[in-house]
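In this text, residue positions in the sequence shown follow this note's numbering: the first is 585, and each later residue adds one.
Accuracy of the hints is not assured; some may be wrong.
Stated by the list, open to error - Derived lysine-lysine pairs resembling DSS-like cross-links, with alpha carbons at most 30 Å apart:
| hint | residue 1 | residue 2 |
| --- | --- | --- |
| 1 | 639 | 658 |
| 2 | 692 | 642 |
| 3 | 661 | 741 |
| 4 | 661 | 692 |
| 5 | 792 | 692 |
| 6 | 741 | 695 |
| 7 | 732 | 757 |
To be verified - Cβ-Cβ distance ranges computed for the label pairs, FRET-style:
| hint | residue 1 | residue 2 | range |
| --- | --- | --- | --- |
| 8 | 813 | 778 | 39 to 47 Å |
| 9 | 807 | 768 | 18 to 26 Å |
| 10 | 647 | 792 | 44 to 52 Å |
| 11 | 785 | 656 | 42 to 50 Å |
| 12 | 658 | 779 | 40 to 48 Å |
| 13 | 718 | 613 | 31 to 39 Å |
| 14 | 695 | 748 | 14 to 22 Å |
| 15 | 776 | 733 | 18 to 26 Å |
| 16 | 746 | 794 | 35 to 43 Å |
| 17 | 637 | 810 | 17 to 25 Å |
| 18 | 799 | 718 | 17 to 25 Å |
| 19 | 794 | 636 | 45 to 53 Å |
| 20 | 686 | 776 | 20 to 28 Å |
I should point out that these hints are in silico values taken from the structure, not numbers from a laboratory. The model shown is predicted, which means the values in this text are computed figures rather than measured ones. Glycine included, every Cβ here is placed at the ideal spot set by N, Cα and C.
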Amino acid sequence: MSNHLKRLAAPKTWKQPRKTYYWAVKAAPGPHPIERSIPLLVFIRDIMNLADNSKEAKSIIMAGKVLVDGRIVKNYKFPVGFMDVITVPSANIYMRVLIDNNGILRLKEIKPEESTWKLVKVTSKKITEGGKIQIGTHDGRTIITEQKNIKRGDTLKISIPDQKIIDHHPLVKDTKVYITGGAHIGTITEIEDIEISRSYQENTVDTKDNFTTTVSNVFVLGRSANEIGGVA
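Just need the whole structure built from these sequences, with the hints factored in.
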């Protein structure tokens, strides 16, 4: 498997010039798939404009100046994806990764106190031998909890980096949601109804903006309010 990636072949989710250089950085295996993430170096160099070239970006990252979800990351190929929090405390930079209406990953500036938490979507749930609940999330986390009311498709507000559950936002009618895939990607709307499929097909969500999408494209933002504000 190649360790390199031609810039023209880079996913459309990347916001970077496609004709300036021949090669792009290839993301390492990590919490987000390549088509839904951007290598940390690309964020630092091409999106945040903290470096003029790869050498400078690597120097910043390997010096331990960049944190992702509250932890220092020194791997410049580390894949950063939706809802991740990137901070550079020495430069007073605090950012959250969102998706715009073109499906491109964008950075939204946040307050320092907002960088202490993030939202994660529950993608799996099982009961351990000890009777506790093991939760898997969209960003590759495993969270052990005793909260049995958490379901797949719900969103958890967790502290970072210790990932303690601060709040639980269920996937139910009248909640605010972020559309993360399909024709309406990047839209923030509200659930009108949830259609439960009785066949092999995926459950769908009817929104108050008069469109329908699958549950996998829906990311809950809050029960009565939007936790993250507008899209970047």
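| said: Next pair to validate is residue 741 with residue 695; report whether the Cα-Cα distance is within 30 Å. | reply: 16 Å, holds
| query | Taking only the CA atoms, is the gap from residue 792 to residue 692 under or equal to 30 Å? | reply | 25 Å, holds
| field | Outcome of range test on Cβ distance (residue 695, residue 748; 14 to 22 Å) | value | Given range 14 to 22 Å: holds, Cβ gap about 20 Å.
| Beta-carbon spacing of residue 686 to residue 776 - inside the hinted bounds 20 to 28 Å or not | 25 Å, holds
| field | Restraint status (C-alpha distance of residue 692 to residue 642 at most 30 Å) | value | 23 Å, holds
| query | Range hint 31 to 39 Å: satisfied by the CB atoms of residue 718 and residue 613? | reply | The hint (31 to 39 Å, Cβ to Cβ) is violated, given that residue 718 and residue 613 are roughly 22 Å apart.
| query | Regarding residue 637 and residue 810, is the given constraint of 17 to 25 Å on their beta-carbon distance met? | reply | About 38 Å separates the Cβ atoms of residue 637 and residue 810, which means 17 to 25 Å is violated.
| For the pair supplied as a hint, residue 639 and residue 658, is the alpha-carbon distance within the 30 Å limit? | 14 Å, holds
| query | Would the pair residue 732 and residue 757 pass a check requiring their Cα atoms to be no farther apart than 30 Å? | reply | 20 Å, holds
| Do the Cβ positions of residue 794 and residue 636 conform to the proposed distance bound of 45 to 53 Å? | Cβ of residue 794 to Cβ of residue 636: about 46 Å, so the range 45 to 53 Å holds.
| request: Return holds or violated for the Cβ distance of residue 813 and residue 778 against the range 39 to 47 Å. | output: 25 Å, violated
| Between residue 807 and residue 768, does the C-beta distance stay in 18 to 26 Å? | 21 Å, holds
Hint compliance for this structure: hints 8, 13 and 17 are not met, and every other hint is.
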